[in-house]
Amino acid sequence: MTKRKYLIESKRYVDESGKTVFDSWVTEADLIEVKPQEQYILFFPIEGEHAGKKHYVPFSNIHVVREV
Numbered sequence: 000m001t002k003r004k005y006l007i008e009s010k011r012y013v014d015e016s017g018k019t020v021f022d023s024w025v026t027e028a029d030l031i032e033v034k035p036q037e038q039y040i041l042f043f044p045i046e047g048e049h050a051g052k053k054h055y056v057p058f059s060n061i062h063v064v065r066e067v
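Numbering (numbering that gives the first Met the number 0), first residue to last: 0 to 67.
It is possible that some hints are incorrect.
[Stated by the list, open to error] Label-pair restraints from in silico Cβ distances:
1. Glu37 with Glu15: 26 to 32 angstroms
2. Asp29 with Phe58: 18 to 24 angstroms
3. Ala28 with His49: 17 to 23 angstroms
4. Gln38 with Lys18: 18 to 24 angstroms
5. Val64 with Asp14: 19 to 25 angstroms
6. Asp14 with Val63: 17 to 23 angstroms
7. Arg65 with Thr19: 24 to 30 angstroms
8. Lys2 with Pro35: 22 to 28 angstroms
9. Glu66 with Gly17: 15 to 21 angstroms
10. Glu66 with Arg11: 17 to 23 angstroms
Just so you know, the hints here were simulated from the structure itself, not pulled from any lab data. Ideal Cβ placement from N, Cα and C applies to all residues, glycine included.
Between the sequences and the hints, there should be enough to build the whole structure, so can you do that?
Now the structure itself:
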């Protein structure tokens, strides 16, 4: 059985040059922990430059979470 992968995207923002940008990470279902009392998710990306590093993202900064 394959592991479920999720794409997490942050809210969009405008950088110094005026471009709209956002952060995104890919992780697996067993590497995500939802902290409802603290209002954030904890996860470890499995791809990209931040792979394996612990990330804390507040609910208010999450734009999209979807299965890939």
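Hint check for threonine 19 and arginine 65 - Cβ pair distance inside 24 to 30 angstroms: 19 angstroms Cβ-Cβ, so the 24 to 30 angstroms window is violated.
Assessment of proposed distance window 17 to 23 angstroms (beta carbons of alanine 28, histidine 49): holds, 18 angstroms
Beta-carbon spacing of glutamate 37 to glutamate 15 - inside the hinted bounds 26 to 32 angstroms or not: Holds - the Cβ-Cβ distance for glutamate 37 and glutamate 15, about 31 angstroms, lies within 26 to 32 angstroms.
Distance restraint hint 18 to 24 angstroms, applied to the beta-carbon atoms of glutamine 38 and lysine 18: violated, 29 angstroms
Cβ distance range 18 to 24 angstroms for aspartate 29 and phenylalanine 58, holds or violated: holds, 20 angstroms
Outcome for the supplied range 22 to 28 angstroms, where the beta carbon pair is lysine 2 and proline 35: holds, 23 angstroms
Consistency of beta-carbon spacing, aspartate 14 to valine 64, with hint 19 to 25 angstroms: The hint (19 to 25 angstroms, Cβ to Cβ) holds, given that valine 64 and aspartate 14 are roughly 23 angstroms apart.
Outcome for the supplied range 17 to 23 angstroms, where the beta carbon pair is glutamate 66 and arginine 11: holds, 21 angstroms
Outcome for the supplied range 15 to 21 angstroms, where the beta carbon pair is glutamate 66 and glycine 17: violated, 33 angstroms
Range hint compliance [Cβ, aspartate 14 to valine 63, 17 to 23 angstroms]: Cβ of aspartate 14 to Cβ of valine 63: about 19 angstroms, so the range 17 to 23 angstroms holds.
Checked against the numbered hints above, the structure breaks hints 4, 7, 9 and satisfies the rest.
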